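Enquirer: As they're listed, the protein sequences go chains A and B.
Each number in our numbering corresponds to the 1-based position in the first sequence with 7 added.
Each number in our numbering corresponds to the 1-based position in the second sequence with 439 added.
It is worth saying that the hints were derived from the structure and are not from the lab.
This one's a predicted model, so the numbers in the text were calculated from it and none came from an experiment.
We treat Cβ as the ideally placed atom computed from N, Cα and C, and that holds for glycine.
Warning: the hint list may mix true and false statements.
[As the list claims (entries may be wrong)] With the Cβ distance kept under 10 Å, some of the chain B side facing chain A (calculated, not the full set): (1) Val443; (2) Lys475; (3) Val487; (4) Glu491; (5) Cys507; (6) Pro508; (7) Ser533; (8) Val541; (9) Pro542; (10) Tyr546; (11) Gly550.
[To be verified] Simulated pairs of lysine to any residue, SDA-like, Cα-Cα distance not exceeding 20 Å: (12) A:Lys8 / B:Ser504; (13) A:Lys8 / A:Ser53; (14) B:Lys479 / A:Thr12; (15) A:Lys110 / B:His449; (16) A:Lys8 / A:Ala85; (17) B:Lys479 / B:His449; (18) A:Lys49 / B:Ser525; (19) A:Lys110 / B:Leu527; (20) A:Lys110 / B:Glu483; (21) B:Lys479 / A:Ile14; (22) A:Lys110 / B:Ser459; (23) B:Lys480 / A:Glu10; (24) A:Lys49 / B:Asn496; (25) B:Lys480 / A:Thr112; (26) A:Lys75 / A:Thr33; (27) B:Lys479 / A:Lys75; (28) B:Lys479 / A:Ser72; (29) B:Lys480 / B:Ser498; (30) B:Lys480 / A:Lys75; (31) A:Lys8 / B:Ser525; (32) B:Lys479 / A:Leu18; (33) B:Lys475 / A:Thr112; (34) A:Lys110 / B:Asn456; (35) B:Lys480 / A:Gln64; (36) A:Lys49 / B:Met485; (37) B:Lys457 / B:Glu442.
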Amino acid sequence: KQEVTQIPAALSVPEGENLVLNCSFTDSAIYNLQWFRQDPGKGLTSLLLIQSSQREQTSGRLNASLDKSSGRSTLYIAASQPGDSATYLCAVPSNAGGTSYGKLTFGQGTILTVHP
Amino acid sequence: DTEVTQTPKHLVMGMTNKKSLKCEQHMGHRAMYWYKQKAKKPPELMFVYSYEKLSINESVPSRFSPECPNSSLLNLHLHALQPEDSALYLCASSHQGPERLVPYEQYFGPGTRLTVT
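Excised from the complex, chain A in its bound form (with noise of 0.2 Å):
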């Protein structure tokens, strides 16, 4: 059974700051691993999704990288702004075919707020 893992659970930076947000993952055959945005009492933004055969994919201030072997992903954010402050989730799908096709598996999520 996947289980997904973030760290830290939450993160207070003061703006301005790079910063790492870290999500691993126990069963390393995965399809792809996908990184989400969510503001409170909000809907799912979803900012990049990685293939496995990716090492990194990129998205204006964000990068995220994929270490399938150690099951790990890891989100930067570059220089983050107040308006960053939110709470980011990542999450994996089953793998493909059977019954469990499309069930995404969930982290905890990580709460960040950026203070000017």
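For chain A, the structure is supplied; the task is to place chain B on it using the hints.
Expert: Using the frame of chain A, we list chain B on its own:
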């Protein structure tokens, strides 16, 4: 357009009421999902529809009844709910090949905040 819409945004219902949540997407996705999210927890999968057929039911109580009338619409019918069912209900969609071999990126709607009194 990567938008998934959900209505209503907020819903308050009594335990004897019947109500429905609605989700819509126009991205041509053939997989649609219902998730339930409690405060400070990650979303939990409830149902998956694949090509308008129910493919996953995560042992959800029968007081929740999903329906997929066409490839763009997903409904969740609610009846005789309990106060512990109060939560944020999220809809998502994704591409899907007919062989269901490759899991694609999931796009989420803004959610419906449900309160059961």
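Enquirer: Are the hints correct? Go through all of them and say.
Expert: Results for each hint:
{"no.": "1", "hint": "Val443", "in the structure": "holds, 8 Å"}
{"no.": "2", "hint": "Lys475", "in the structure": "violated, 12 Å"}
{"no.": "3", "hint": "Val487", "in the structure": "holds, 5 Å"}
{"no.": "4", "hint": "Glu491", "in the structure": "violated, 14 Å"}
{"no.": "5", "hint": "Cys507", "in the structure": "violated, 13 Å"}
{"no.": "6", "hint": "Pro508", "in the structure": "violated, 19 Å"}
{"no.": "7", "hint": "Ser533", "in the structure": "holds, 7 Å"}
{"no.": "8", "hint": "Val541", "in the structure": "holds, 6 Å"}
{"no.": "9", "hint": "Pro542", "in the structure": "holds, 4 Å"}
{"no.": "10", "hint": "Tyr546", "in the structure": "holds, 6 Å"}
{"no.": "11", "hint": "Gly550", "in the structure": "holds, 5 Å"}
{"no.": "12", "hint": "A:Lys8 / B:Ser504", "in the structure": "violated, 27 Å"}
{"no.": "13", "hint": "A:Lys8 / A:Ser53", "in the structure": "violated, 24 Å"}
{"no.": "14", "hint": "B:Lys479 / A:Thr12", "in the structure": "holds, 15 Å"}
{"no.": "15", "hint": "A:Lys110 / B:His449", "in the structure": "violated, 26 Å"}
{"no.": "16", "hint": "A:Lys8 / A:Ala85", "in the structure": "violated, 33 Å"}
{"no.": "17", "hint": "B:Lys479 / B:His449", "in the structure": "holds, 18 Å"}
{"no.": "18", "hint": "A:Lys49 / B:Ser525", "in the structure": "holds, 15 Å"}
{"no.": "19", "hint": "A:Lys110 / B:Leu527", "in the structure": "holds, 18 Å"}
{"no.": "20", "hint": "A:Lys110 / B:Glu483", "in the structure": "holds, 9 Å"}
{"no.": "21", "hint": "B:Lys479 / A:Ile14", "in the structure": "holds, 15 Å"}
{"no.": "22", "hint": "A:Lys110 / B:Ser459", "in the structure": "violated, 23 Å"}
{"no.": "23", "hint": "B:Lys480 / A:Glu10", "in the structure": "holds, 15 Å"}
{"no.": "24", "hint": "A:Lys49 / B:Asn496", "in the structure": "violated, 24 Å"}
{"no.": "25", "hint": "B:Lys480 / A:Thr112", "in the structure": "holds, 12 Å"}
{"no.": "26", "hint": "A:Lys75 / A:Thr33", "in the structure": "holds, 10 Å"}
{"no.": "27", "hint": "B:Lys479 / A:Lys75", "in the structure": "violated, 28 Å"}
{"no.": "28", "hint": "B:Lys479 / A:Ser72", "in the structure": "violated, 26 Å"}
{"no.": "29", "hint": "B:Lys480 / B:Ser498", "in the structure": "holds, 19 Å"}
{"no.": "30", "hint": "B:Lys480 / A:Lys75", "in the structure": "violated, 25 Å"}
{"no.": "31", "hint": "A:Lys8 / B:Ser525", "in the structure": "violated, 28 Å"}
{"no.": "32", "hint": "B:Lys479 / A:Leu18", "in the structure": "holds, 15 Å"}
{"no.": "33", "hint": "B:Lys475 / A:Thr112", "in the structure": "holds, 13 Å"}
{"no.": "34", "hint": "A:Lys110 / B:Asn456", "in the structure": "violated, 30 Å"}
{"no.": "35", "hint": "B:Lys480 / A:Gln64", "in the structure": "violated, 26 Å"}
{"no.": "36", "hint": "A:Lys49 / B:Met485", "in the structure": "holds, 18 Å"}
{"no.": "37", "hint": "B:Lys457 / B:Glu442", "in the structure": "violated, 27 Å"}
In terms of the numbered hints stated before, the structure departs from hints 2, 4, 5, 6, 12, 13, 15, 16, 22, 24, 27, 28, 30, 31, 34, 35 and 37, listed from lowest to highest.
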